[in-house]
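Novice: All chains should be built: construct the whole structure from the sequences, respecting the hints.
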Amino acid sequence: MPEYGIRRARRAAAVGLTVASLAAGATTAAGPAAARPGTAAAPAADCGDAYRIEQKLSGGTTWRMCWHYDSKAGLVLEDISYQPQGEPKPIKVLNSARLAQIHVPYDDGKNEYSDLTGQDFAQALMNLSPAECPGGTIKTVKVPDAVDPRHPDVNGLCTTTRARGHAYRMHDMGTDKVYQAQGKDLLVYTVNQVGWYEYITEWRFQDDGMIAMNVGATGSLSWDDYDSGDGRGWPIGKGAKAYATSHSHNVFWRLDFGLDGSSRTKVEQYDSAVSPRTAGQQGPTTRTTRTEVTRELAGDLKDYRWWRVVSATGKNKDGHARSYEIVPGPTTKYLGRGFTEHDLYVTEYNPCELFASDNPECGQGHPASVDGWVGGQTLTHPVIWMNVGFHHIARDEDQQPMPVHWQGFAIAPRDVTAMNPLTPSDLAWQNGHWEPRS
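Take the sequence shown: its letters are residues 15 to 452, numbered as in the numbering used here.
In short, the hints are calculated from the structure, not lab data.
Capping the alpha-carbon separation at 16 Å, the derived lysine to aspartate or glutamate pairs in EDC-like fashion look like this:
| hint | residue 1 | residue 2 |
| --- | --- | --- |
| 1 | 280 | 362 |
| 2 | 280 | 270 |
| 3 | 70 | 101 |
| 4 | 329 | 429 |
| 5 | 316 | 285 |
| 6 | 329 | 101 |
| 7 | 331 | 101 |
| 8 | 252 | 410 |
| 9 | 329 | 274 |
| 10 | 347 | 121 |
| 11 | 347 | 385 |
| 12 | 280 | 310 |
| 13 | 331 | 429 |
| 14 | 156 | 84 |
| 15 | 103 | 274 |
| 16 | 331 | 274 |
| 17 | 316 | 355 |
| 18 | 252 | 411 |
| 19 | 280 | 429 |
| 20 | 280 | 306 |
| 21 | 252 | 412 |
| 22 | 156 | 167 |
| 23 | 103 | 60 |
| 24 | 191 | 440 |
| 25 | 347 | 314 |
| 26 | 280 | 339 |
Beta-carbon label-pair distances, calculated as ranges:
| hint | residue 1 | residue 2 | range |
| --- | --- | --- | --- |
| 27 | 289 | 126 | 43 to 49 Å |
| 28 | 282 | 420 | 27 to 33 Å |
| 29 | 350 | 443 | 53 to 59 Å |
Please read these numbers as outputs of a predicted model, since none were measured by experiment.
Where a beta carbon is used, it is the ideal one built from N, C-alpha and C, also for glycine.
Specialist: What follows is the structure, encoded as structure tokens:
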């Protein structure tokens, strides 16, 4: 059976599991977080209760957003705002955040998939059990063109909180006091099945303002790809007679920033260069230069390079422009296709450009992938596309089931607040100061 048929066959088999698990999946209404007694409720994201996510974390930070479920992209988050303690109102961060493609080419050249636009990624949303969403809420999702049309309502969206370890630790040598805090995240995720694979699409909203987005691949290796060993796989099972074909997972995300409520953000690129030590110096010198990205860009990661998206309207209490820095995760760049040749794309907003490859939304004659959209247009409403690759060379430990392998990146607040948003009150006076208080 060809691989596409294998994918279809497994999905059909999974329908029975989906039906059976409907009864096991819990669901509750999606309403706004309650305000503390004696305080006014903060403005909620502009969506109905069923499509609103609002969570105040233990460090005092509140995240608010709306969600909807797209027939190809799956979960889409919109109108995302961040309100740390001490800020009088929410700070808008993103207009929208979504997956933009999962491109899966096999090393032997026989199969290549666009899982979002060509493999019914969204239609196979999995039901989640309460054990998969500890302490959280499982929301009901109405799935367009669901794999099982008898059951379009899937208990498939988990929102919960999760500890992440130290948010900070500092030993004050003057007072001998130790300041430490344990960080907390709002976790939002879904699970979608494509053939033998199951993808966990995870969004983490940290109490320090960072947003981490990851896709975890799990499920099973495709036994149809045990191809007798053609030099493009890895032996699996006894006697090394079966070889699992190596392949890549190239995951794209699309971020539409709306910092401080404006889409007219700026993009800046920073590059640093290290010069050799000269006479009279103790060590080499490093100089960092800033380049404003005024036109569409196909960018590549390199040492000492980073980008940030800057608010055109908002400043923190120190008068510094608010921004978010792009923090790449580990990646293996796939050079087999034009749209995967770069790590980051910045394009001018076009409402039909939603998927990084095999984009079905634009009219005839419009390029089908993001590399064709970078035409040098002046940026007034930039959209960020991030490409993170993983080359999967299977191992014995990948069976059975396959451990989750993660790929993703983050955006980190840079000058969104004047100090660490989790700063304890004892240290709040130290903004810009290092000397002891008299």
